[in-house]
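Trainee: Letter by letter, the chains look like this.
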Amino acid sequence: MYNSEVRGRLITGDKSLGQISQEIIAPIHAKTPPWWYGAILIGLIMFGIGAYSIYITLTKGLGTWGLNSSVAWGWDIINFVWWIGIGHAGTAFSIFLLILRQKWRTAINRAAEAMTVIAVFCASLFPLLHMGRPWLFFYIFPYPNTRGPLWVNFNSPLFWDFVAISAYLLISASFWYFGMLPDFATIRDTAKSKIKKTVYGIAAFGWTGSSREWLRFEGLSFVLGGIAAVLVVSVHSIVSTDFAVSVEPGWHTTIFPPYFVVGAIFSGFAMVLTLVVTMRGLYNMNDFITDSHIDAVCRVLVFISLIMGTAYMTEIFMAWYSGSEYEMYMFFRNRIFGDYAFQFWAMFISNALVPQLFWFKSMRRRIWVVFIISIIINIGMWYERYNIIVTSLSRDYLPSSWTSYSPTLIEIGFFVGTLGMFITGVLLFFRYIPMIAISELKSVAKFDKPRKEQLKHTDHE
Amino acid sequence: MSKDYILGVFKDEESLVAAFEKVKEKGIIPLEVYTPYPVHEILHGMGNKTRITTAAFFYGLFAAMGILAFLTWAATLSWPMNYGGKPVNSFPSFIVVTIVATILSITILTLFTFSIRAKIFPGKVPEIFHERATDDRFVMVIDKKSMGENSAVINSIISEYGEIE
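Chains as they are written, first to last, in my numbering: chain A, 1 to 461; chain B, 462 to 626.
Worth flagging that the hints you see were computed from the coordinates, not collected in a lab.
Since the model is a prediction, treat every value here as computed from it, not as a measurement.
Please note: incorrect hints may appear among the correct ones.
What the hints assert, rightly or not - Estimated spans, in silico, between C-beta atoms of each pair: (1) A:367 x B:540: 57 to 65 angstroms; (2) A:38 x B:464: 51 to 59 angstroms; (3) A:222 x B:502: 13 to 21 angstroms; (4) B:502 x A:303: 30 to 38 angstroms; (5) B:592 x A:13: 24 to 32 angstroms; (6) A:177 x B:488: 21 to 29 angstroms; (7) A:365 x B:522: 28 to 36 angstroms; (8) A:72 x B:547: 22 to 30 angstroms; (9) A:177 x B:588: 36 to 44 angstroms; (10) A:38 x B:588: 37 to 45 angstroms; (11) B:606 x A:31: 45 to 53 angstroms.
To be verified - Here's a subset of chain A near chain B, in silico, CB distances under 10 angstroms, partners left out: (12) 18; (13) 163; (14) 204.
As the list claims (entries may be wrong) - In silico lysine-lysine, BS3-like type, Cα no more than 30 angstroms apart, as pairs: (15) B:487 x A:194; (16) B:487 x A:196; (17) B:487 x A:446; (18) A:192 x B:487; (19) B:472 x A:194.
For glycine and all other residues, C-beta sits at the position ideal for the given N, C-alpha and C.
With the hints as extra help, turn the sequences into a complete structure.
Mentor: Structure representation (structure tokens):
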């Protein structure tokens, strides 16, 4: 049998099952640390800035944004795609690593899924506000209405997008919540205070851990996992068709769906890394999120970074190979040397070059390097969306409609607001929800210890 | 400890499984087994089967057919619209919404099925045999009536691997 330590241990410190639950639940029972109040205050102030920007947008209209008739999509869609991309990691983490039987996922999947739910929520605000009159938002539902009935256009990627995002939000939230039931039950049964017992008792939906519950729970995870895998791939493919079916230079390519899906997982994994490193530092979770966990995520990132680099080069190659002068202009002149060359190179260097540092073990083992690179990737992925959206729209076929774009304070405020929402959400998650899936971690704890039957087996041979 | 049941409390998965197998050899199936995480030997050994995956398949089948039928009906019969001269029944582009909405339907219906079948729902008061079964103990609940003459043997099996409470 395999007793070598290729992967490193899943949990260090030789912990008993009881210790695992105690140490993960500890932050919930502990007194709220002072930094937490400071951080949530910052988050709420940022959220306030966002709320004010939304108020101005609603009362004065979209004219308060820097959009114009050529560049009709700006920071709103950039941020939407950016957040949705980040929101892909949770499900990708749980599902793909589940399919690949990667046991180390158990320490990270809860945080990744929490991040997904918050990020998708942030993302959904942007298209909603971009509608201009969000109070008529229900027009997008295909419901029997008094206008005909006039149905929505089922051929439009924008409608697909609406269906995909709402389905994704609902599914990832329920997948996350139902995965937490056993852990809420653990808190209920170990808590000493009456209030906690009651609150977590309600949240646990009466979970007891009986074999009948586990049997169905496994069935449910199997079904949700299987179909969510399809969803991860399809949601961002659909987001990419928003662009790919438009006849815009730089957008109208078939590489877009895979390119977007990979990019989404890339940015999501980077954000997971940011979050997990923070979590490890603040709550001393080093025994559960070990150096080898961080190492594994870094290795995944270096691989995805190569795919990203290949995708960028393929786009440029296809622009030349297509023989279309508009495509040639877009890639060889406008993006590389044009007005927005900084955004292009920021994207290329941060996403395709900087993560290559993860080839070196010395880099993967230095947590501060890992943290900084994960932030660089997040910024790089933001510039990727800027590069795709703004360079193409500002220089389309007709030079007479060429224009430039820069965001207004209101747009920036809106983005800052969603960052504040994210920070606040993550802090609430840290404080009130077990950050690591306790029951899943317990189920893999035995793989760290040589099993009795395994020893018997080796003796026999 | 109640009058009608005995609780076998074990410290790890292996002892539980070993005791469980021996108890089963005596022809007794425990009333219920509570574990902090799913133990597959127990799930199979208890003899229960879940048809949640089969149910999910049929939810998906009917949802897909229903959604596709609705889209086709709405676009071709109810109010045909000319979008740039494309055919009214643009079947391939209906597939996208069909897939995503089918996934959504499967999720919602399977969650409700789980909730009903596993009796897990908001506001349920749990019947807790052992407070540490969700923490670090593996608990086997055996109905005293089902043991009959074997009670001494069962007790000794449980004490061999764990404790009786």
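Trainee: Hint by hint, say whether it matches the structure.
Mentor: Here is what the structure says about each hint:
{"no.": "1", "hint": "A:367 x B:540: 57 to 65 angstroms", "in the structure": "59 angstroms, holds"}
{"no.": "2", "hint": "A:38 x B:464: 51 to 59 angstroms", "in the structure": "55 angstroms, holds"}
{"no.": "3", "hint": "A:222 x B:502: 13 to 21 angstroms", "in the structure": "18 angstroms, holds"}
{"no.": "4", "hint": "B:502 x A:303: 30 to 38 angstroms", "in the structure": "36 angstroms, holds"}
{"no.": "5", "hint": "B:592 x A:13: 24 to 32 angstroms", "in the structure": "25 angstroms, holds"}
{"no.": "6", "hint": "A:177 x B:488: 21 to 29 angstroms", "in the structure": "40 angstroms, violated"}
{"no.": "7", "hint": "A:365 x B:522: 28 to 36 angstroms", "in the structure": "50 angstroms, violated"}
{"no.": "8", "hint": "A:72 x B:547: 22 to 30 angstroms", "in the structure": "23 angstroms, holds"}
{"no.": "9", "hint": "A:177 x B:588: 36 to 44 angstroms", "in the structure": "22 angstroms, violated"}
{"no.": "10", "hint": "A:38 x B:588: 37 to 45 angstroms", "in the structure": "43 angstroms, holds"}
{"no.": "11", "hint": "B:606 x A:31: 45 to 53 angstroms", "in the structure": "49 angstroms, holds"}
{"no.": "12", "hint": "18", "in the structure": "4 angstroms, holds"}
{"no.": "13", "hint": "163", "in the structure": "5 angstroms, holds"}
{"no.": "14", "hint": "204", "in the structure": "7 angstroms, holds"}
{"no.": "15", "hint": "B:487 x A:194", "in the structure": "42 angstroms, violated"}
{"no.": "16", "hint": "B:487 x A:196", "in the structure": "42 angstroms, violated"}
{"no.": "17", "hint": "B:487 x A:446", "in the structure": "28 angstroms, holds"}
{"no.": "18", "hint": "A:192 x B:487", "in the structure": "40 angstroms, violated"}
{"no.": "19", "hint": "B:472 x A:194", "in the structure": "27 angstroms, holds"}
Hints 6, 7, 9, 15, 16, 18 from the list above are not met by this structure, while the remaining hints are.
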